[in-house]
Amino acid sequence: MKRLLVAVATLAGSMFALPALSQAQSATISGRVTAETGEAIPAVTVSVPTLSVGGITDETGRYSFVIPAARLTGGQITVVVRRIGYGSKSLAVTPHVGATTSADFVLSALINRLEGVVTTALGVQREKSQLGTAQQEISAKDLNNAPAQNFVDQLAGKVSGMSVTSSGTPGASTKITIRGSNSINGDNNPLFVVDGVPVSSDDRGGSFNVGSLSNSASAGLDLGSVINDINPEDIASVSVLKGPNAAALYGSRAANGVIVITTKHGANSDSKLRTSLTSTYTWDSPSIYMDWQNLYGQGSGGNFAYVNGAGGGINDGYDQSYGPRMNGQLIPQFDSPVVNGVRQATPFIPHPNNADSFFQTGHNIANTFAVSGGTDAANGRLSIGNSNVQGVIPNNTFRTLTTALAGNFRIGSKLSTSGSFQYVQATAHNRPGQGYNTGILEQFIWFGRQVDMSELKAKQYDANGNLYNWNTNFHNNPYWLQYDNPEYDIRNRLIGSASGTYTINNWLSATLRGGQDYYNWDINRDFAAGNIQYSDPNFAGAFSAANQTNTESNVDLLLNANKSFTDRLTFNGLLGGTLRRNTFGSSNIATSGISVPGIYNVSNAGITPTLQQFASDRRVNSVYESGALTWNNWWTVEATGRTDWSSTLPIGSNSYFYPGVNTSMVLTNAMPSLKSKVLSYAKLRGAIARVGSDASPYQLQTVFQGSSTKFGSLPQFSLSDNLANANLKPEQTTSSEVGAELAFFDSRVTLDASYYDKETKNQILNLVIPPTSGYSTQAINAGQISNKGFEATIGANVLKSEKGINWTSTFNYAKNKSRVVSLTPGLSTVVLGTQRSASVTATVGQPYGELTGYTFLRDSNGNLLTQNGMPIRGPLAVLGNVNPDWVGGWNNEFKLGRVTASFLLSFHEGGKFFSNTNMMCDQSGMCANTLKGREVDWNNPGIVVKGIDQTTKQANTINVTSEQYFQSLWLINQAYTYDDSYVKLRELRIGYDLPSRFAQRFNSHSMNLSLVGRNLWTHTNVPNIDPEFTYNTGNAQGLEFAPMPTTRSIGLTLQVTP
Amino acid sequence: MTKTWLRGLTGLALMAGAVACNTDNITTANRNPNNPTSAPAGALFTNATASAVRRWVGFGGAAIIAQQLANTTYPTADSYISLQADGTSGTFNAPYTGDLQDLRQVISKGRASGDAGVYGPAMVLQTWDFSYLTDQWGDVPYSQALKADSSVATPQYDAQKDIYAGFFVTLKAAADAMAAQAPGAPGLGGSDPIYSGSLDKWRRFDNSLRARYALRLINVDPTTANAQLQAAFSDAGGVFQSNADNAKLVWPGDGVNDNPFSVTLKTRDDARLARTMTSLMTNDPRLKVYGQPVVDSSVYSGGYGGMPSALNQDSANVWYRKASRPGAIFYPGVTSYGTFGTAAGAKTPSYLMTYAELLFIKAEAAERGLGGLSAGEAAADYNNAIRASMDQWGVTDAAAISAFLASPAVAYKGGTDGLKQIATQKWIALFSDDAQAWAEWRRTCQPSNVIPGPATIVPYIPRRYYYSTTEASVNAANLNAAIARQGPDNFGTRIYWDTKPTAAPTCQ
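Sequences listed follow chains L and Y, in order.
Heads up: the first sequence begins at 125 in my numbering, then just goes up one per residue.
Heads up: the second sequence begins at 4 in my numbering, then just goes up one per residue.
The set of hints was computed from the structure by calculation and includes no laboratory data.
In this text, all values refer to a predicted model and were calculated from it rather than measured experimentally.
Certain hints may be false.
Claimed, not checked - Result set (PhoX-like, lysine-lysine): computed pairs, CA atoms no more than 20 Å apart in a straight line:
id: 1; chain 1: L; residue 1: K853; chain 2: L; residue 2: K885
id: 2; chain 1: L; residue 1: K538; chain 2: L; residue 2: K687
id: 3; chain 1: Y; residue 1: K251; chain 2: L; residue 2: K834
id: 4; chain 1: L; residue 1: K1019; chain 2: L; residue 2: K927
id: 5; chain 1: Y; residue 1: K423; chain 2: Y; residue 2: K503
id: 6; chain 1: L; residue 1: K834; chain 2: Y; residue 2: K503
Unchecked claim - Selected chain L positions facing chain Y (in silico; Cβ < 7 Å):
id: 7; residue: S424
id: 8; residue: G425
id: 9; residue: N439
id: 10; residue: G441
id: 11; residue: P661
id: 12; residue: G717
id: 13; residue: F738
id: 14; residue: A739
id: 15; residue: D741
id: 16; residue: S820
id: 17; residue: F828
id: 18; residue: T833
id: 19; residue: Q840
id: 20; residue: S842
id: 21; residue: G898
id: 22; residue: S900
For each residue, glycine too, the CB sits at the ideal point set by N, CA and C.
Model the full assembly from the supplied sequences, consistent with the hints where possible.
Okay, here's the thing in structure tokens:
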């Protein structure tokens, strides 16, 4: 077995090139870099600066590199190791031709993450002190502190300036923005880059509206983002380039920042096999349950008796709980026995846990097993990972299988090649619906509080084969929905890249790199006969089947220069070009009626199916350059420039240039006298850059849209509602930032802070225009948004004692203020999304994401006005802004001997959102607060609204029932607008390093067993729901309706490191 | 050193070469493979017809306002709550971005090819389409509408008086053009799902519509009404001659293109006939077509009857089994919710205008001595109108029809009473063309038992709908000008042809 694995690992390394060539005429330096605590440190740069040679450590901390004999001078050389977060070290060694010299290093961890080598744009490694732009790096260890259902969730709270909002469903969307939203209608998500190659973060998020089967495969479901495919255990480090300044070299898509992911690669192991394993098991549950009332059951006006659930009895068609008090009195109910055709009366009693009992403990089992190793010339890493999530609702699973193969191969001393290849299969079954009609929570917002859930669980069909449910007008049996209406989607993903770097001389190298990201996604949704939402009642069921294929390919050619002109002046330069192509294709088949039950195939369509097909192609060619001059190791000035030619812009004006310049000054290097006991490091930086952005494909010509369904036999066409624009220009974001990086008290306290100012103009908008003009939207270049913000990371090594206790604390803070400067003449508002009359808008003069909705009608003195004893819906008004005032994360780690404990609190302060869930809960009388006014009997109703009667102008004295009062609040959005402030205990980990004798038994270096927890505690003033929610990664956030709450999980992780 | 530079330059040259080779792709990649930039006029016409009829002759709020139908379980339309701006904005917006725009494209294509058989029917249908907008909202964009592609991004709202004047001009122009159609011009042919390209029938529809719009102005502008009635009746193309001329759309009933009533009723079983209508249909054989037998006959022992309009939830729900569902022609075989039998109701045609309505128009014009007709002709037109309606709805029992015509309330009385009878019977005949029923009630105040129910949010029957919220946000200046001219944007403001109720002999 072991031999086989060695073979596989070696193969991994050698698959990218020819068999190993001779290593004669050179010297090899190799060794291992560990922390004081003994753990391996991956991604450490080990180099001999005077000879321009070096390498990087692998996940076991090992490195190895070759020095060509020609460069050897015969004497001692100095090997330097540098890694962000650790103090750098150097060691003098004497290399010998044809031999391997060993050099091991033990580094001490620094809270200071201001110096060291980091990954920047295009995967280039640079010294952080020389960067003029904001960059923050997350190590694999920090990233994987507490496993979540996808790696993007695991970024929450760890980077200043980045906002991460998770959703509660496995495999669903996570909304992520860096430094606010730039684009009014466009994409505001960052670009993800894996091993130098941009990868897709396409999102198939859901919405709170049920949607039409034929228009969207994701109607009512959140299918999530494909970026979730990356296995976090394959990630070596994540580097976040926050603004356009840092990312100008990535082109159009960099305006929203870039997340650069470096995967784990192999390294020289002297042909020994190294294996590593990470296993996690977590138990999951909803983080928040609704606060139900348990006194009154189904019905209206205090009355209820069930005959057929369709109005045949007393209020039995109602799905609300304003019925009789549940005193155990005898009332016929849906599950009462029928004797001689007459439904018998049975005790009317509460079932307090009925809705909650539908939820179960979910499980997440995740394992990643990796082998790595090889020789200095050929090495590789192969990993296999799987994750198996059982959701918190019945019959919902999400599985991923990931394999990653990465290798390096060196031919001679001049050509080094590397490749990485990832295959991912993600399979979801029965993703829960969200929002109206399909939603699981919506099922319970309208429910009879007396309904016995175990009855619905026990059977979904009655003795006659008819669907069995407490209500047949508006709802499906929730168990039937989960078991007999399967949703299943499978995504196959391949991400591959290969590159070769040729060292031209000791300061110039050329790299050719090709990469492709491909996925194919099958999305099938089947609906059994009688499904209220989608199935035509005259037929035996319905289905939709969609297939989507996306490819992105990039070919880069780069010239990299690294030259010291004198002792004092060094140059870092880059010149390159990229050919990029994106293609997307989709097809969709949907019918609301099939003939034979259970066969969800187009050949079984009883109703003419709707067929859809779409293909798009986008090509962008680019050339770019950057050059940085560093004077005396303290002052760096860098200029960047890029020109893109995009196929989506009008011919003749399809190219755009964007320049950038940045500078960094390490004051403590310039003036060593500045250093004191207090100040140990000081750097100032500043940058200004412009980034362009093209349009989506096919925006230049207005088109006619055909319909696959004929009217009888007649074809049908319609003019598109979107008026195209043949003269579109690229969007333009101009960004400037200044920052300071300071370290105090021997680097035990550090501050990395930035202030930025961004303006995006010439936005490509599908502007909503008056429908009476014959079109609903028009593509234009207009509008300007500004974002100004401050972000800071404060780190402190609070406690560090000789006895080994170590407490480090990091706080990430970000505050962003946006302003919609202008739209287009005559236009003051663009609506981003609407839910029950509450809208999220971009309004001129206001911050992006203004929430508007109906208010309570009040008189000029601010008194509430009433009519017939009830509040009155007033005019539309601004209710707040959906964006938070600030977000933050506070991470703490304590280490004592073998025990490490850490926790991460995330803060979300301010912002408003509209909760349709809470409005519906009042309409339905389900939630505990609707007991108000019901405590007395129904003949003596109990709410007198404090207000002025609109007609009499006197204080209101009319008593209304609880039902009347709460239902009168319908669409008064103001009543259901909440402050979106919350604090979450996002991550908790208590780990124990097992004694090395255990590890040795498994032929590994270290073993760690940890208790991990996620979302264990939430502090919020919002009733009933999780204030953290999202349906998609789109721009209309802040509108809530029946999402799945985020999960609270607790579990165990075992890590074996070779 | 030189070698190094040469290598670098070679690399750059390769790159530049690759970029150059791709220039071609850059310019061709953006050709849309999914959608054309031009489409056949016939396919546009078919689609526009189906979507316009689906919307205007569907089951809209007007059926509830006019009290031909009412809701049991959640009567939010009965109370008018769901008929406020949020509920009707989509209905206002859709024709402009959809069928009206597509018909504009058909007209311009037809004009370009000089084929009146293409643009004539499109002009008639577009006028019919616009009339539903102006009759339900009042002043709407008309002369400047649909022209964002010609730099009119924010159209003005035309006064309804001017819109009606435009209708008469357009209908006359279309009729004249179709009359002059060159023989052998292809026209719409089979792409016309209403008349299969028969211009003779389109001319009759054209003139019948002129009569409909003429009569609608009777209270505010009797001179124009008279002139246009005369023009319609004397046009060489003629008006409807029989039910065979009815402008109707026969639905394929394939589950995708179904009768819009059947689509609504199969997903929500809480619509019932309104008592306002059924109380006027004693002895009317059409009652058994309009409605189905009640499930619980404790209120209607005869098996058919409607429920009161605009009840609150509690009292509305009581009628679930006690009032008649809309007729089996819309969803046959219903016994309880969720069991709908066959899909035959999906094929039931929708009527754009009927011969019966035309005869009622003639009867009223005759009774008023307009359009070249005399009062003596009114009775015959009135009786024939009812017979035509019976025939249209499939009632064949001659004895029952005769008995109905002879019944005291129906037998024609002439004079003001006759006008009331014409209005009432026309209103009943317009069942399922709910917007026309609502408009006729506003014009005539008949039937007089259309009065607000107990749970309405305004103490009167709405005279119009609220304007679109989309227009309010992106065409505010023009919309506000219309509101300033017409009156506040609410249910109570009366539109142009509804402003002189006293002129109608049947109003208070």
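Against the structure, the hints come out as follows:
Between K853/L and K885/L the CA atoms are separated by roughly 11 Å; this keeps the pair inside 20 Å, and the hint holds. Of the supplied pair hints, the one linking K538/L and K687/L holds, its CA atoms being roughly 17 Å apart against a limit of 20 Å. For the hint pairing K251/Y with K834/L, the CA-to-CA distance comes to about 18 Å; that is within 20 Å, so the pair holds. The hinted pair formed by K1019/L and K927/L meets the criterion: a straight-line CA distance of about 11 Å does not exceed 20 Å.
Distance hint between K423/Y and K503/Y is fulfilled; the C-alpha atoms sit about 17 Å from each other, no more than 20 Å. The suggested pairing of K834/L with K503/Y is violated, with an alpha-carbon distance near 46 Å, which exceeds 20 Å. Interface restraint check: S424/L against chain Y, minimum CB-CB distance 6 Å, threshold 7 Å, status holds. For G425/L, the shortest C-beta to C-beta distance to chain Y is roughly 5 Å, which falls under 7 Å, so the interface hint holds.
Contact between N439/L and chain Y, as hinted, is supported at the beta carbon level, the nearest pair being about 6 Å apart and thus within 7 Å. With a cut of 7 Å, the hint placing G441/L at the interface with chain Y holds, because the nearest CB-to-CB distance is about 5 Å. Below 7 Å, beta-carbon pairs count as interface contacts, and P661/L has one with chain Y at about 5 Å; its hint therefore holds. Residue-level restraint check for G717/L holds (minimum Cβ-Cβ distance to chain Y is 5 Å; threshold 7 Å).
Against a cut-off of 7 Å between C-beta atoms, the interface hint on F738/L holds, since the closest Cβ of chain Y lies about 5 Å away. The closest approach between the C-beta of A739/L and any C-beta of chain Y is roughly 5 Å, which is under the 7 Å cut-off, so the hint is satisfied. This hint holds: D741/L has a C-beta 5 Å from the nearest C-beta of chain Y, less than the 7 Å allowed. Because the closest C-beta pair between S820/L and chain Y is about 10 Å apart, greater than 7 Å, the hint is violated.
Restraint check, F828/L versus chain Y: the minimum CB separation of about 4 Å is within 7 Å; hint holds. The criterion of a C-beta within 7 Å of any C-beta in chain Y is met by T833/L, whose closest approach is roughly 5 Å, and the hint holds. Against a cut-off of 7 Å between C-beta atoms, the interface hint on Q840/L holds, since the closest Cβ of chain Y lies about 4 Å away. Satisfaction of the interface hint for S842/L is found here, the shortest Cβ-Cβ separation to chain Y being roughly 5 Å, below the 7 Å cut-off.
Checking G898/L against chain Y by beta carbon gives a least distance of about 3 Å; that is within 7 Å, so the hint holds. Satisfaction of the interface hint for S900/L is found here, the shortest Cβ-Cβ separation to chain Y being roughly 5 Å, below the 7 Å cut-off.
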